[in-house]
Each structure stands twice: as structure tokens, then as C-alpha cells.
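**Q** Using the supplied hints, reconstruct the complex from the two chains, each of which is provided in its own coordinate frame.
Chain order of the listed sequences is D and S. Counted the way our numbering counts, the first sequence spans residues 1 to 233. Counted the way our numbering counts, the second sequence spans residues 1001 to 1182.
Think of the hints as simulated: they come from the structure by calculation, not from any bench. Ideal Cβ positions, reconstructed from N, Cα and C, are used throughout, including at glycine.
Here chain S is said to cover these stretches of chain D; the calculated rule only asks that three of the stretch's residues, wherever they fall, bring their Cβ under 8 Å from a Cβ of chain S:
#, region
1, 4–11
2, 19–33
Label pairs and their calculated CB-CB ranges:
#, chain 1, residue 1, chain 2, residue 2, range
3, D, R163, S, L1163, 51 to 59 Å
4, S, A1083, D, R202, 48 to 56 Å
5, S, R1040, D, A34, 17 to 25 Å
6, D, A34, S, Q1170, 43 to 51 Å
7, D, G13, S, P1144, 18 to 26 Å
8, D, R202, S, R1040, 35 to 43 Å
9, S, L1057, D, A30, 13 to 21 Å
10, D, A9, S, Q1052, 26 to 34 Å
11, S, L1057, D, S26, 13 to 21 Å
12, S, R1040, D, S228, 19 to 27 Å
13, D, R202, S, R1064, 43 to 51 Å
14, S, E1022, D, E174, 24 to 32 Å
15, S, L1057, D, A20, 19 to 27 Å
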Amino acid sequence: MKPLETLRALGTGDEAPAEAKQRVYSALMASMAAVAATTTAATMVQSSALSSSPVPLIAGFSNAKALAVAAGIWLIGGATGATLYSALHQQEVRIVYVDRPVLQTSAVASPAEIAPRASTVSAPLAAAVDPSSKPASATSASLASQLSRERALLDLARASAARGEPAISLQQTERHRAQFPRGKLSEEREAMAIRALHSLGRDDQARARAQAFRVAYPNSLLTPAIDSAMFGP
Amino acid sequence: MRIVKREEGPKPVVPDFREIFETQFSYVWHVLKRLGVAERDLEDLAQQVFLQVHGQLPKFVSSRPLRPWLFSFAYHAASNYRALSRHRVELSIVAPEQPDTSPNADEQLITRQELELAELALARVALERRAVLLLHEVEGHSVPEIAESLNLPLNTAYSRLRLARQEYEQAVRRLRAQRGEA
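Excised from the complex, chain S in its bound form (with noise of 0.2 Å):
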């Protein structure tokens, strides 16, 4: 039945709202969480943004490039969350200290921990600069990408970068000093 839907008509223009849910759902749920989103949270989250998806889906061109454009939704419903001052007092618990106990220190552990200590200092990074330093630096997509998902004027753009990885890098050097590393 797959087979005699995929031959049945031209390419569609606009991409399939279910085939999106699917794909995109996990990208979409770690880009709220990134972005500051409580666990509990998220599923409520996550069900605002595939909804104004799902409106703005006729609009959405084609050409352009999809998870940037979902991200700018997830980005808009995590920045009104936070708005919400009950949100912003979680955040502080969102990302506690994690103090490493272990006494093993294998070359994956080390990794994990790099990753564990990445994600801790990304959520130190004002909302506004980590939403551009996540779409350039996890993600990879280019500045002026990044400045039209977001609506942003190119400079400004630039300079959030800039300034977002001036504040992740601090934020990581404070988190090592804290677990007593160089």
C-alpha cells in the first residue's frame, strides 16, 4: 500500500506532517531540552510546536532546509516558557552539579564526561545566544541559515555567536575549576 501511495502522485510540495512527527520528533524533544525545558515539561512542549507546525506547514519553502525551521518554533515556545518566572526557578535544578565519584577514568568515562560537562555549561549560556550556538556548533548550519530561521539580522546573528562561545567556554572552565581539574 506504501508502494502504490509513493507512485501515485507528483513529488508533494509541502512536506507530510506525519512523516515530519516521525522523523523529527526526537530532534524536535532535545532541542526543548536543550533549550531549558523541564522533563515534565516537555511532552506538553513538544505538542505546541508540532501544532503551530502543522499550521505553518503550507508556508514552509521546500528548498529551505527543515530542522532549522523547526527549531525556530521549538526556540519561540522555549523562550515564552521561560518567560514564565515558575520555569525559571526549575532551571537552576534543571542542571545540578555533578560531581564525579567514579574511580574509574577510562578513556570512554573521560568522554562521557566531557559530554556530561558540555551539556551542563551549554545550559549556562543565555537562552537567546545558545539557541544560535547550538544550531552552528552541534548542528552545523551556516550563520545566515541560522539568521533567517531565527529572524535575526545577520550581525546580530554573528554576534550572538560570538558571545555564546565566550560564555560557553567560561562556563566550562568554571564547571572544571568546581570538579577540581585544570
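Chain D with its partners taken away, still in its complex shape (with noise of 0.2 Å):
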């Protein structure tokens, strides 16, 4: 066979390895929400840096400069630095609370100070979300937003269920799932709901619904985690 023959028989390669597929994919649902959080963080620093300061105060303090600073500020404030932003920038509340939940993740937030936080975001996304109130043509913009409030909520349920909290990561995806009952992550939320559900031993609960886990989602790639999770590895 000539070389450039054996060359067309190559093919473009067998299945690639199923764990190094899920491991990706996984990693890829986390960094786009960091990045989504990111992103949006940065958007409302330098809008309000533009805003408050367009003359740099020391020469050579760049906008670059005040940026980064800002964002410092931003990301050790914590729960107070959201409070006095929140208090500041009233018209900015509602970004702030939307994006916000998954940096308060980090600062270590306690589930009562979360909970009356994000059933201020309730009511307006409610609105939001209920088909009646819509307009006739939803834009990407708010499909994207849409999509940022769904994983806000998912995330608090993560950082809960991450700090050993099942029965309030259980709460907020129920959170999630009377706002969003068709969301775009309602796989992942009824994944972290099963994981929840079975860490309470509520395990007769856990079945049920991820036997409807598997009917609705048959091809998830989530389904070996829910497995690994409820029958052991």
C-alpha cells in the first residue's frame, strides 16, 4: 500500500476514553459558570469604575489598574461588600444578586443570610420567567440571562451541598425547579437534587427520581455520577 493510501485509512480515531470524556465535561460545566460569574463581576466593575472615576486620580493608575484593584475589593468584600454595594448602587441590585451567588460561595455565607437574598431575586424573575409577561420574542440577551439566574441558583445548591448541607442544597434546587421547571440546567439540577435527596437517606425518593432521571435524560452524562453516587463506585 503507498504511504498516502495507509494515510486515508487512518480514520479520525475509535471512541475516545468514557472517564476522560465525563471528567471534561464536567470541568467544562464548572468553568463556564465561573466564567460566566467573571465576566459579568468585571462588566459591573468597570462599568461602575467608568462611571465614578473617568479622570485617573495618581498619574499612571491606569483603568486597567483601578480594575484589577476594584475587582480585588470586589471578590474579598464578601457578604459585606455586598451589602454596602447593594446599599450604594441601588439600580444595580438585580445584577448584583443574580451573579453574586457564586462568589458568596466562596466567602463562607451562612444558609439564613442566603436564603432572604435570594427570595428578593425571586419575585423578579418570577415575573420574569412566567410565559404570560413575556414578551412575544425573547432576545438571546435574556436567554442568557436566563440562563446565568439558573445557574446562580444552582450554584448556591453546589456550595451547599459541598459543605455537607444536603437538606438546603435540596431546598434550593426546588428553588430552582419552581422557577425554572424547563430550565436549560434542569439536568443538572435534578442530578444535585437525587445526590441531595440520597445524602438524607432519603433513598426511596432518590430512586424514584432518578428512575425518571434516566426515562427523561437517557443519554446524560451525568447518569454515572448519580449512580456512583447512590450505589457506591
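**A** Next comes the structure, spelled out in C-alpha cells:
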């Protein structure tokens, strides 16, 4: 066989390892959530930096530096910063609440602290999600913002689960279910809820919901994670 | 539930990211591998590629073939990866010589050996030309299509293909000589 013909016979390769695929998928989901949060935070900081100080105070103190410092303050400020920020920038409260939870999870905010904030969001959210109040043509921007709101809720649930608080995690997934019954992240939400139920020892419910999950998402990449959580590795 | 989903809306203009990931992960994986990414870095690079794919998906023109488009992300990721010198050192280890000691010489084995040889020879073609060679010879895309995907002038794409074929055939000859074949 001539060399180039052999090359043609190579093909595009076999299936990649399933575990690698699963790991990459999980990592992707995590970094997408992080990217969304960072982008929104950066945009927000930028807009506030530009509106409040158009002229640099010190020569050489570039916008980029101002941004970096502002971002630093933003990140370390935690819950106190958020409260102050929202008090000072009333008009931006909605943006803060929408994407803030990802950052809140790193500060050790208590669930009691998170709950009222999240419920503050729920009113405008419910209105935005209600199909009757929605304009006929939903823009891609509003879809993107719905997605980031969904993510924010699920990030809260994920953080609670990571803190070993499955009851709160479950509560947060239920809130997602109420607000986004057919949300884009329903699959992730269900997977998280099943694991939370299992952690709470409510195995019957977990099993029933896992069964429904398999029917609804027969090809889900999250199925192995659910199985290993429920039946061991 | 899946059926309901399909009936719900008109045909989407932008392909679904999850679907692309599901169906094209193995493809991207092997492209990265053939572009010289070491086994242990494949997951990281694949993640990088799909993250970029996700970001650029709204810009994807659905009338264009998907794979050359995906290939371009993998190609850029692999190029950047190669630019780090620590990986360059690894590359000589990626495609080691495999002298065949097996006494069996049935047809299937020969084919397998040929394929192994092809992979090894491919690894010796310079990356920018290997990309064109892979897209054209292995995947069967036309040169204009390749030029568009990799953002190359058409003439450059043709000349890269020509040089890549030469380099590849030389590599095959050298490898065969090392193995004591005719």
C-alpha cells in the first residue's frame, strides 16, 4: 500500500475514553459557570469604575489597574461588600443578586443569610419566567440572563452540598425547579437533587427520581455520577 | 421527553453545544493527539477547545461543515501547547520507535503495522503542514474548505499540502529503512 493511501485508511480514530469525556464535561460545566460569573462581575466593576472616576486620580494609575483593584475589593469584600454595594448602587441590585451567589459561595455565608437574598430575587425572576408576562420575541440577551440566573441558583445548591448541607442543597434545587421547571439546567438540577435526597437518607425518593431522570435524559453524562453516588463506585 | 423537545421549536440555527460535545468529543480528542498533545494533557486541552467552541458557537455558520471548524480550535490549542518548550521535549517521547519483534506476519498484522507507521510518520510532519494533511488526506476535506477553516490564503494551503505530502512520504521511507524494510 502506498504511504498516502495508508493515511487515508487511518480514519478519525476510535471512541475517546468515557471517563475522560465525563471528567472534561464536568470541568467544562464548572468553568462555564465561573466564566459567566467573572464576566458579569468584571463588566459591572468596569461600568461603575467608568461612571464614578472618569479621570485617573494619580498619574499612571491606569484603568486596568483601577479595574484590578476594584475587582480585588469586590472579591474579598464578601457578604459585607455586597450589602454595602447594593446599598450604594440601588439601580444595580438586580445584577448583583443574579450573579453574586457564585462569589458568595467562596465567602462562608450562612444559609440563613443567603435565603432572604435569594428570595429577594425570586419576585423579579418569577415575573421574568412567567410565560404570560414575557414578550413574544425573547432576545438572546434575556435567554443568556435566564441561564445565568439558573446557574446562580444551582451554584448555591452545589455550594451547600459541598459544605455538607444536603437539606439546604435540596431546598435550593427545589427553588430552581419552581422557578425554571423547564430550565436549561434542569438536568444538572435533577442530578443534584437526587444526590441531596440520597445524602439525606431519603433513598426511596432518590431512586424514584433517578428512575425519572434516566427516562428524561437517557444519554446524560451525569448518570454515572448519580449511580456512583447511590450505589457506590 | 426528547420527542417533545424535537417537536417544540423550529430547526435551531445554532447547533446545540451539548450535542456537539457528545458527538464530537472523540474526534477532537484524536485530532489533539495527532497534533502532538501528550496523553496526560489531552483532557486539559480538550476542555480548552470545547470552552472556546462554546464561546464561539453563536458565530458558527451552520451551513459550513462542523469538523474543520472544530479542527481549527484544536489546531490553535495544539500550536500554543507546542509553543511551550517543556512540551517540545516531550514530543520526541510521544512517538517512539517501535521495532516489531512479532514473528506473525499475517495480513491483518501488516495492516496494523502500516497504520502505526502512518501515525508515526504523521507525527514527524511539521504541525502547520500536518494540520492540512490531516484535514485533506485523512478526513477528505477540500483544500478551499481547509483554507477557510484555518484562515489561510488558498495558495498557502495548497503549498502546505504539497510539502506535507513530501515530508510524510520521506518520514515513511525513513521509518521503513529503520525497520529494515524495503
